[in-house]
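What follows is each chain in one-letter form.
There are 2 protein chains.
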Amino acid sequence: MTSPVAPAPLFDSVCLIGLGLIGSSLSHAIRRAGLAREIVGYAKTPATRAKALELGLVTRAPATAAEAVAGCDLVILNTPVGACGAIAAEIGPHLAKWAIVTDVGGVKAAIVRDVAPHLPPHAHFVPGHPIAGTEFSGPESGFAELYDGKWTILTPPEDTDPHAIGKVQALWEGCGAKVEIMTPDHHDMVLAITSHVPHLIAYTIVGTADELGSVTEKEVIKFSAGGFRDFTRIAASDPVMWRDVFLNNREAVLEMLGRFNEDLSQLQRLVRYGDGPGMEAFFARTREIRRSVVQAGQDSATGTALYRARSAKPPE
Amino acid sequence: MTSPVAPAPLFDSVCLIGLGLIGSSLSHAIRRAGLAREIVGYAKTPATRAKALELGLVTRAPATAAEAVAGCDLVILNTPVGACGAIAAEIGPHLAKWAIVTDVGGVKAAIVRDVAPHLPPHAHFVPGHPIAGTEFSGPESGFAELYDGKWTILTPPEDTDPHAIGKVQALWEGCGAKVEIMTPDHHDMVLAITSHVPHLIAYTIVGTADELGSVTEKEVIKFSAGGFRDFTRIAASDPVMWRDVFLNNREAVLEMLGRFNEDLSQLQRLVRYGDGPGMEAFFARTREIRRSVVQAGQDSATGTALYRARSAKPPE
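Chains as they are written, first to last, in my numbering: chain B, 1 to 316; chain Z, 1 to 316.
Some clues are possibly wrong.
[As the list claims (entries may be wrong)] Distance windows between CB atoms, simulated:
#: 1; chain 1: B; residue 1: 178; chain 2: Z; residue 2: 265; range: 54 to 62 Å
#: 2; chain 1: B; residue 1: 122; chain 2: Z; residue 2: 213; range: 39 to 47 Å
#: 3; chain 1: Z; residue 1: 86; chain 2: B; residue 2: 269; range: 35 to 43 Å
#: 4; chain 1: Z; residue 1: 93; chain 2: B; residue 2: 211; range: 21 to 29 Å
#: 5; chain 1: Z; residue 1: 161; chain 2: B; residue 2: 213; range: 15 to 23 Å
#: 6; chain 1: Z; residue 1: 214; chain 2: B; residue 2: 55; range: 39 to 47 Å
#: 7; chain 1: B; residue 1: 251; chain 2: Z; residue 2: 277; range: 47 to 55 Å
#: 8; chain 1: B; residue 1: 272; chain 2: Z; residue 2: 213; range: 43 to 51 Å
#: 9; chain 1: Z; residue 1: 273; chain 2: B; residue 2: 272; range: 26 to 34 Å
FYI, nobody ran anything at the bench for these hints, they're computed from the structure. We treat Cβ as the ideally placed atom computed from N, Cα and C, and that holds for glycine.
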């Protein structure tokens, strides 16, 4: 950054509030692209702050969020959704005049409701949500490539300064992501079906399997390669983060769950009455959707057991 | 095999009826380990038979299953469950005196019901089911490593010749699999919860998403990285194979689905009433189960986006 020809970084001082998978990956990605002169961080526990310093995720880790945000031109809230309101109340009076505040929460209408009232009029609030993650948590779990090729949704209120939106968009693009802008309510509806209800279902079936008397837990685990293990991966996501998602996107989740239940009853009926052609038609349709997901670059054949095995040792 | 010190292969002539993912992978694995002197194959369509010859999966591919099994000491049925009865009726009179017949069907009580009556008394029937697969189908999709480290369940009737069971077990172990023996009914119960109901649920949610008016299909696909894409992978499995599974394991599937529905209602209630502690406790429990699956070697952290990204390009 001291080279005379290097362009000025996008931000001078970025503050990461929360240093788990999402926050630590942001640090890796921001440093990879040279998007900030300095990264400051805050986490609730002293152990996480010490670990973040040790890993080089941040250069400073003050003991309070209020101290951490002081003088920063970008503040990113990387905490579970339920914690954002209280943090906004704490940092609001300490935000720099030119500060942009964004977040990564999995629900957006509730974040706007909880955070916006605490921010001073001179700050710019651009809510965001990167659609990326793994089953792992904590500051050690982050990596620079997490956002590469993934989507980040921004849901700025209508009167937001376009310059602030542009800078947050440039941040995510610099971290490898693609950006889409929509309203908070629409975001919450889209994510209810693509993420929240799938997680609720995965949590349920893994719990159901755990409670069976006729099939032992050992058997469930041993023979999980037939489909179940993919659900266990989803159902291993951070419990507090997901609790907050369901507490804060209740209406959309219940709406989508209602539709899922209707459709499951329909398929259950096909099974009960042995309707072979009906089932086959249903299953053939969903196969096409998979093809679209792969074509859209949101997953790849390289993620499958087939490709992994082939990569490890190509067939003759 | 002509070397004077080479041991005799486990089987002289193996006949693969059905040359899709499972059958073609068996050919690769059998040849990898030198388990047979010759592999003969049959598939319904001439195109698949030609492709199997071209790929070297089989050395002969007669036009009928009856011709294919003639003189073979092992016959493996790799067709959808619903096709096994008719094939057994066709091949029964043509089986060699010393023939062992096995299969790979995802349900076992129905296979015993449909296949056993058609086999001559001199043949040995050892039903089996490898718990392995990918979302791909067809003779090109097979690879030798598919069964490595995976479980194959055998469900031989009580009076089966132990020598025949031993040879089928040795076949699967030679193909890299671990073998467990249980009754057909218990198999069907275990697989209902670890595989059949998870597939039914995945097919349902992918269908639900496809029919939404408020969220476009394009959005569902674009933002699928939040959980949905793992369901699309499961819901891309072969439609005919899965139709036959649900037609033939109805009771166990409906029983497990009933339990799942009860548990989903309970979780739905926690969401509706905003019971944060209840949700968090539920989600923390399922995370432990994931840990057991990984520890049991039935999945690995290398299957996650995290590890894949790290392998591709290690963090600094």
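Cross-check of the supplied hints:
no., hint, result
1, B:178 <-> Z:265: 54 to 62 Å, "38 Å, violated"
2, B:122 <-> Z:213: 39 to 47 Å, "41 Å, holds"
3, Z:86 <-> B:269: 35 to 43 Å, "27 Å, violated"
4, Z:93 <-> B:211: 21 to 29 Å, "48 Å, violated"
5, Z:161 <-> B:213: 15 to 23 Å, "34 Å, violated"
6, Z:214 <-> B:55: 39 to 47 Å, "42 Å, holds"
7, B:251 <-> Z:277: 47 to 55 Å, "21 Å, violated"
8, B:272 <-> Z:213: 43 to 51 Å, "28 Å, violated"
9, Z:273 <-> B:272: 26 to 34 Å, "31 Å, holds"
The earlier numbered hints that this structure contradicts are 1, 3, 4, 5, 7 and 8.
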